[in-house]
Amino acid sequence: MNKNSLINLLPKRTQELVRSKSELIELKLSEVICLADKPISYLYFPVDGFISIVQRADEYPPLEIGMIGREGVLGAEIVLGITENPFGAIVQGNGSAWKINANDFLIETKNSPELKTIIDLYLAVRIRQLALSATCEHFHEIKPRLAKWLLMSQDRAESPTFLMTHEFIALMLGVRRVGVTTAAADFKRRGLIEYHRGVMKVLNRSELKTEACSCYQRNRKIYSSLIR
Numbered sequence: 001m002n003k004n005s006l007i008n009l010l011p012k013r014t015q016e017l018v019r020s021k022s023e024l025i026e027l028k029l030s031e032v033i034c035l036a037d038k039p040i041s042y043l044y045f046p047v048d049g050f051i052s053i054v055q056r057a058d059e060y061p062p063l064e065i066g067m068i069g070r071e072g073v074l075g076a077e078i079v080l081g082i083t084e085n086p087f088g089a090i091v092q093g094n095g096s097a098w099k100i101n102a103n104d105f106l107i108e109t110k111n112s113p114e115l116k117t118i119i120d121l122y123l124a125v126r127i128r129q130l131a132l133s134a135t136c137e138h139f140h141e142i143k144p145r146l147a148k149w150l151l152m153s154q155d156r157a158e159s160p161t162f163l164m165t166h167e168f169i170a171l172m173l174g175v176r177r178v179g180v181t182t183a184a185a186d187f188k189r190r191g192l193i194e195y196h197r198g199v200m201k202v203l204n205r206s207e208l209k210t211e212a213c214s215c216y217q218r219n220r221k222i223y224s225s226l227i228r
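Residue numbers (this note's numbering): 1 to 228.
Keep in mind the hints are simulated off the structure, nothing from the lab. Ideal Cβ placement from N, Cα and C applies to all residues, glycine included. Any given hint might turn out to be false.
Under the rule of at most 16 Å between Cα atoms (straight-line distance), these lysine to aspartate or glutamate pairs were calculated in the EDC-like manner [unchecked claim]:
#1 188 <-> 207
#2 110 <-> 77
#3 3 <-> 155
#4 201 <-> 155
#5 21 <-> 104
#6 99 <-> 26
#7 116 <-> 77
#8 143 <-> 211
#9 3 <-> 16
#10 209 <-> 120
#11 209 <-> 186
#12 143 <-> 186
#13 38 <-> 84
#14 110 <-> 120
#15 99 <-> 211
#16 99 <-> 59
#17 3 <-> 31
#18 143 <-> 48
#19 99 <-> 16
#20 38 <-> 77
#21 12 <-> 114
#22 3 <-> 158
#23 188 <-> 211
#24 99 <-> 48
#25 99 <-> 23
#26 21 <-> 155
#27 201 <-> 186
#28 3 <-> 26
#29 221 <-> 23
#30 221 <-> 155
#31 3 <-> 71
#32 12 <-> 108
#33 28 <-> 48
#34 116 <-> 104
#35 3 <-> 23
Here are the in silico distance ranges between beta carbons for each label pair [stated by the list, open to error]:
#36 11 <-> 174: 24 to 30 Å
#37 197 <-> 227: 33 to 39 Å
#38 191 <-> 139: 27 to 33 Å
Take the sequences, apply the hints, and build the full model.
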């Protein structure tokens, strides 16, 4: 209950210290958590909600370049001496997260080598996943990317059902809404998913995995190879 996987890897005493200086907050769908180039004021350890890392280019809408759920943390770059958010972040799935003041967190990393180590490892994961995301967006078609994205969302929601609209998916994938609608309609016709009024449900996860691009499994492997 109220668990984040990174925090769970810490010694019991460190877990308690981090939580004692944190506040359990509610994450609301489409809420902007932070803006790029603005000061990192807080770090967020999702529990059962999940967050999209987004980036803008010129006048174009924000594009999702990564996803953070209970396996990670938003704002980890601060341990590198970076004081401004390198990316923006939008809530992709309702839920909760531990929110901790950035200065309090830095103090804890100095007092706890275990905490600093786990954050360093997570940043290494993020770097590799961001590189994979850039490759995926360039080479893979909408349908396998959508399947991957639905699986990643289900993993972080820890439920086959989660709130999601085609418009939001299109925005995050950086594609036209009609492309998402067409791909989702095919998945629905074949019994892989169902959706109604912003509620998405995965019906056949194993079949959805066969439709997803290889980046889904590669993302999971990157994480498991560095963080255990």
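**OP:** Hint by hint, work out which the structure violates, then give me just those numbers in ascending order.
**Re:** Per hint list: 10, 15, 16, 17, 18, 26, 29 and 36 violated.
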